[in-house]
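Here the structure of chain Y is known, so what remains is to put chain F in place on it, guided by the hints.
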Amino acid sequence: MAKGILGDARLHFDELNKLRILDPEVAQQTTELKEECKAFVDKIAEFQKIVGSLIELVDQLAKAAENEKMKAIGARNLLKSIAKQREAQQQQLQALITEKKMQLERYRVEYETLCKIEADQNEFIDQFIFQK
Amino acid sequence: MRLKTSHLKEPKHKELVSCVGWTTPDELYSCSDDHHIMKWNLLTSETTQVVKLPDDIYPIDLHWFPKNIGGKKQSQAESFVLTSSDGKFHLISKIGRVEKSVEAHCGAVLAGRWNYEGTALVTVGEDGQIKIWSKSGMLRSTLAQQGTPVYSVAWGPDSEKVLYTSGKQLIIKPLQPNAKVLQWKAHDGVILKLDWNSVNDLILSAGEDCKYKVWDSYGRLLYSSQPHDYPITSVAWAPDGELFAVGSFHTLRLCDKTGWSYALEKPNTGSIFNIAWSTDGTQIAGACGNGHVIFAHVVEQRWEWKNFEITLTKRRTMEVRNVVNDAVDLLEFRDRVIKASLNYGHLVVSTSLQCYVFSTKNWNTPLIFDLKEGTVSLILQAERHFLLIDGGGIYLYSYEGRLISSPKFPGMRTDVLNAQTVSLSNDTLAIKDKADEKVIYLFEALSGKPLGDGKPLTHKTEITEIALDQKGLTNERKIVFIDKNRDLYITSVKRFGKEQKIIKIGTMTHTLAWNDTSNILCGLQDTRFTVWYYPNTVYVDKDLLPKTLYEKDASEFSKNPQIVRFVGNQATIRRADGSLIHLNISPYPAILHEYVSSSKWEDAVRLCRFVKTTTAYEDQTMWACLAAMAVANKDMTTAEIAYASIGDIDKVQYINSIKELPSKESRMAHILLFSGNIQDAEMLLLQAGLIYQAIQVNINLYNWDRALELAVKHKTHVDTVLGYRQKFLEDFGKKETNKRFLQYAEGLEVDWDKIKAKIEMEIAKERERAAATPAVRASVTVQH
Numbered sequence: 001m002a003k004g005i006l007g008d009a010r011l012h013f014d015e016l017n018k019l020r021i022l023d024p025e026v027a028q029q030t031t032e033l034k035e036e037c038k039a040f041v042d043k044i045a046e047f048q049k050i051v052g053s054l055i056e057l058v059d060q061l062a063k064a065a066e067n068e069k070m071k072a073i074g075a076r077n078l079l080k081s082i083a084k085q086r087e088a089q090q091q092q093l094q095a096l097i098t099e100k101k102m103q104l105e106r107y108r109v110e111y112e113t114l115c116k117i118e119a120d121q122n123e124f125i126d127q128f129i130f131q132k
Numbered sequence: 001m002r003l004k005t006s007h008l009k010e011p012k013h014k015e016l017v018s019c020v021g022w023t024t025p026d027e028l029y030s031c032s033d034d035h036h037i038m039k040w041n042l043l044t045s046e047t048t049q050v051v052k053l054p055d056d057i058y059p060i061d062l063h064w065f066p067k068n069i070g071g072k073k074q075s076q077a078e079s080f081v082l083t084s085s086d087g088k089f090h091l092i093s094k095i096g097r098v099e100k101s102v103e104a105h106c107g108a109v110l111a112g113r114w115n116y117e118g119t120a121l122v123t124v125g126e127d128g129q130i131k132i133w134s135k136s137g138m139l140r141s142t143l144a145q146q147g148t149p150v151y152s153v154a155w156g157p158d159s160e161k162v163l164y165t166s167g168k169q170l171i172i173k174p175l176q177p178n179a180k181v182l183q184w185k186a187h188d189g190v191i192l193k194l195d196w197n198s199v200n201d202l203i204l205s206a207g208e209d210c211k212y213k214v215w216d217s218y219g220r221l222l223y224s225s226q227p228h229d230y231p232i233t234s235v236a237w238a239p240d241g242e243l244f245a246v247g248s249f250h251t252l253r254l255c256d257k258t259g260w261s262y263a264l265e266k267p268n269t270g271s272i273f274n275i276a277w278s279t280d281g282t283q284i285a286g287a288c289g290n291g292h293v294i295f296a297h298v299v300e301q302r303w304e305w306k307n308f309e310i311t312l313t314k315r316r317t318m319e320v321r322n323v324v325n326d327a328v329d330l331l332e333f334r335d336r337v338i339k340a341s342l343n344y345g346h347l348v349v350s351t352s353l354q355c356y357v358f359s360t361k362n363w364n365t366p367l368i369f370d371l372k373e374g375t376v377s378l379i380l381q382a383e384r385h386f387l388l389i390d391g392g393g394i395y396l397y398s399y400e401g402r403l404i405s406s407p408k409f410p411g412m413r414t415d416v417l418n419a420q421t422v423s424l425s426n427d428t429l430a431i432k433d434k435a436d437e438k439v440i441y442l443f444e445a446l447s448g449k450p451l452g453d454g455k456p457l458t459h460k461t462e463i464t465e466i467a468l469d470q471k472g473l474t475n476e477r478k479i480v481f482i483d484k485n486r487d488l489y490i491t492s493v494k495r496f497g498k499e500q501k502i503i504k505i506g507t508m509t510h511t512l513a514w515n516d517t518s519n520i521l522c523g524l525q526d527t528r529f530t531v532w533y534y535p536n537t538v539y540v541d542k543d544l545l546p547k548t549l550y551e552k553d554a555s556e557f558s559k560n561p562q563i564v565r566f567v568g569n570q571a572t573i574r575r576a577d578g579s580l581i582h583l584n585i586s587p588y589p590a591i592l593h594e595y596v597s598s599s600k601w602e603d604a605v606r607l608c609r610f611v612k613t614t615t616a617y618e619d620q621t622m623w624a625c626l627a628a629m630a631v632a633n634k635d636m637t638t639a640e641i642a643y644a645s646i647g648d649i650d651k652v653q654y655i656n657s658i659k660e661l662p663s664k665e666s667r668m669a670h671i672l673l674f675s676g677n678i679q680d681a682e683m684l685l686l687q688a689g690l691i692y693q694a695i696q697v698n699i700n701l702y703n704w705d706r707a708l709e710l711a712v713k714h715k716t717h718v719d720t721v722l723g724y725r726q727k728f729l730e731d732f733g734k735k736e737t738n739k740r741f742l743q744y745a746e747g748l749e750v751d752w753d754k755i756k757a758k759i760e761m762e763i764a765k766e767r768e769r770a771a772a773t774p775a776v777r778a779s780v781t782v783q784h
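Which chain is which? The protein sequence lines are Y and F, in order. Using full-length UniProt numbering, the first residue of the first sequence is number 1, and each one after it goes up by one. Using full-length UniProt numbering, the first residue of the second sequence is number 1, and each one after it goes up by one.
Chain Y extracted, bound-state conformation (with noise of 0.2 Å):
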């Protein structure tokens, strides 16, 4: 009867005989709610920690990646142009060549009399030689 009239009054009785406004099976269940929510905020956190430093790890990686891929460009590059230098060198050198050649030939001309003097000078030491 007390407890209808309680009831009725919107007023409860918990176990330990407390007067209570709210019923204590609600309030049970409210606090077991908050429970649950608390542990669910502190798992999202953590959720959120961990799928940050998955961010910044892709990210890195992406970095990384990126770099490479410049790198890689750089180098193709590089190898076309030292290609070009090659050939740029090789046209100095052959210009180079083509000088010393011409060195050459003048030297092996320059020989050339000098050989026939020789055989002049020898000729006429010979005939010099004879008469005698």
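No lab work stands behind these hints, which were simulated from the structure alone. This structure is a prediction, so every number in the text was calculated from the model and none was measured. Do not rely on the hints blindly, as some may be mistaken.
Said to hold, decoys possible - Beta-carbon label-pair distances, calculated as ranges:
1. Asn322/F <-> Ser81/Y: 33 to 41 Å
2. Thr507/F <-> Glu87/Y: 47 to 55 Å
3. Glu160/F <-> Ala88/Y: 39 to 47 Å
4. Gly96/F <-> Thr98/Y: 38 to 46 Å
5. Asp188/F <-> Glu87/Y: 36 to 44 Å
6. Ser81/Y <-> Glu373/F: 24 to 32 Å
Said to hold, decoys possible - Derived, one-sided and incomplete: chain Y residues facing chain F with beta-carbon distance under 7 Å:
7. Gln92
8. Gln94
9. Ile97
10. Glu99
11. Leu104
12. Arg106
13. Glu110
14. Leu114
15. Glu118
Positions of the beta carbon are idealized from the N, C-alpha and C atoms, including for glycine.
Relative to chain Y, chain F alone:
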């Protein structure tokens, strides 16, 4: 020869360098598109900024004001002209102050050049105008105007003409209005640069067709290079005109004046836009497209003489190699070597401060003396002394280092003299005048005074090359020269008394050289290599000249070969492609010269006979030389033998008839007649009082007027002259038309008996006289 290049690791200029210019042999100014003017001191290796120009001035060309103006010498240039892209030129002092800026052209001013005297400036621009300015920058005239930009300009050697580009054409325009303009197509692409040397009068041009070319001042092509990989952006003559430098992309070339290339360098410079030679001609600076200034030294020049070979290995070091025993000596100098010459057993080296004289016998103890002015431009050697020419004058030194003389003449310009225009022998110095190219000044070497009456030798056309013979007596000193028409002439340098004849001995002669040990001349005539074994023949017996020559086909030497030297019996010729060719000349003529100079006639005859038995083709030449030498020295016995050997019977007969002449004087006179010296012969006879003989000489030569004149003057033998004249006229069936003869014939009767008697008498008289002075006869070389 080669270039030793150097440039800094990092460029001093941030933008391309457009122009460079030397002030002294060790200081350079450079201008760049970054508006900075830098000064490079090579002694301290310092580079300092002189001035930063306003941002709107982009320099294009600079040229220093010339150093020597009207004899007043400055140790270095004080200001320069700088042309820029905004259509102005700026006169800028050494410390970098812009003294004056003048609005000159519409569009960029592409080049500016002072003339050699520093009295005028020429500028050319993108607007196609060529303008002449005064020293202070006032406009004098607009010389020419055309539709295309003018990329480069140069003054002629006499500052009377201007050479400029017009697209693919080169144009030479005299400053005088209405004078003839010379214009020719020079390249297949636009011409970018040109230069005109004042010493050798040759023109260089380079263009976008990737070639460089050498021209003479008449526009004749002397050399055209192979096409390069890139356009040629710069060319520059060395001050002495012996070398030039060529610049292109990553390319620097050193070339001989005949065009062939000594050395090629491939420095990392970008295009070389401008090249400047240092004032002493030992190094060049190049303005590079990548902001560098490149320096290049000329090293490894070589000198050869007999068995010695000398190489300039470094700037201050020479290596002497004796080829006979492979001994090597190193010669060290305190300063940079500027010029050197090796000949006659001596090496003369000039550095910037001193002159060293080495003997080939002893390389350890040179003779050293200080030079008045640093830059020696030419060293010439003779057997007993040598000549130094610098900006200030001409100095003759003995090999002991004593100053012998310093010849001068009015209007002398020493900076344009080279080995073709100056010639030295033991007793004489000859210098071709620059102002009047027909004139050769002759000096007594030992006193430095003009020779004889002081009048210079004058020819009828312009002379291009001169050479004195080296041996023999001072009285017989000969000079040969080539004129504009490439004819070769010989004459004696002794010019007192009667005018010496200038006799032509060759045509189409490009180059010549005298032998160092005897008076043998060699030269290249058209396509023949010719040796004049005894050039003096023309003064003795001109008909004999062709027989005293040695000729050889020289077409294998290609175009324009040059004789480098003629030492001993070896001539060295440089072909157009730069290769040296050595030719052996028969040693016998030199020996013959030696015998004759010491009057060993019997030995000379024996030598000729010996040659006859060995080489058949030479003996005619030898005998002909001997004949000419014998007549020149009036040794008629030898002459008779020699003429007999070459089969000139008429001459043998004449010599015999000379021998029969009664007196010494007539014999001498007839020897002179034999050589064609009629005037001398007549003079000799008149001096000896042999009037009749003199008259007879003229009668024999049909020189009637002179014969009559003599007869009338001396009041003797007028009838003889008239008699012979009548006989002559009768023989040819002619009438007397000569007024003088008609006049004298009136009062005289020709009586042949009387004439004959008179002639007999004269001859008898002469014989008597000769007999009366028998002592004199012994000294005469005519022997029976």
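These are the hints, each one checked on the structure:
no.	hint	in the structure
1	Asn322/F <-> Ser81/Y: 33 to 41 Å	violated (53 Å)
2	Thr507/F <-> Glu87/Y: 47 to 55 Å	holds (53 Å)
3	Glu160/F <-> Ala88/Y: 39 to 47 Å	holds (45 Å)
4	Gly96/F <-> Thr98/Y: 38 to 46 Å	holds (44 Å)
5	Asp188/F <-> Glu87/Y: 36 to 44 Å	violated (26 Å)
6	Ser81/Y <-> Glu373/F: 24 to 32 Å	violated (53 Å)
7	Gln92	holds (4 Å)
8	Gln94	violated (9 Å)
9	Ile97	violated (10 Å)
10	Glu99	holds (4 Å)
11	Leu104	violated (10 Å)
12	Arg106	holds (4 Å)
13	Glu110	holds (5 Å)
14	Leu114	holds (6 Å)
15	Glu118	violated (9 Å)
Consistency with the previously given hints fails for numbers 1, 5, 6, 8, 9, 11, 15, ordered from lowest to highest.
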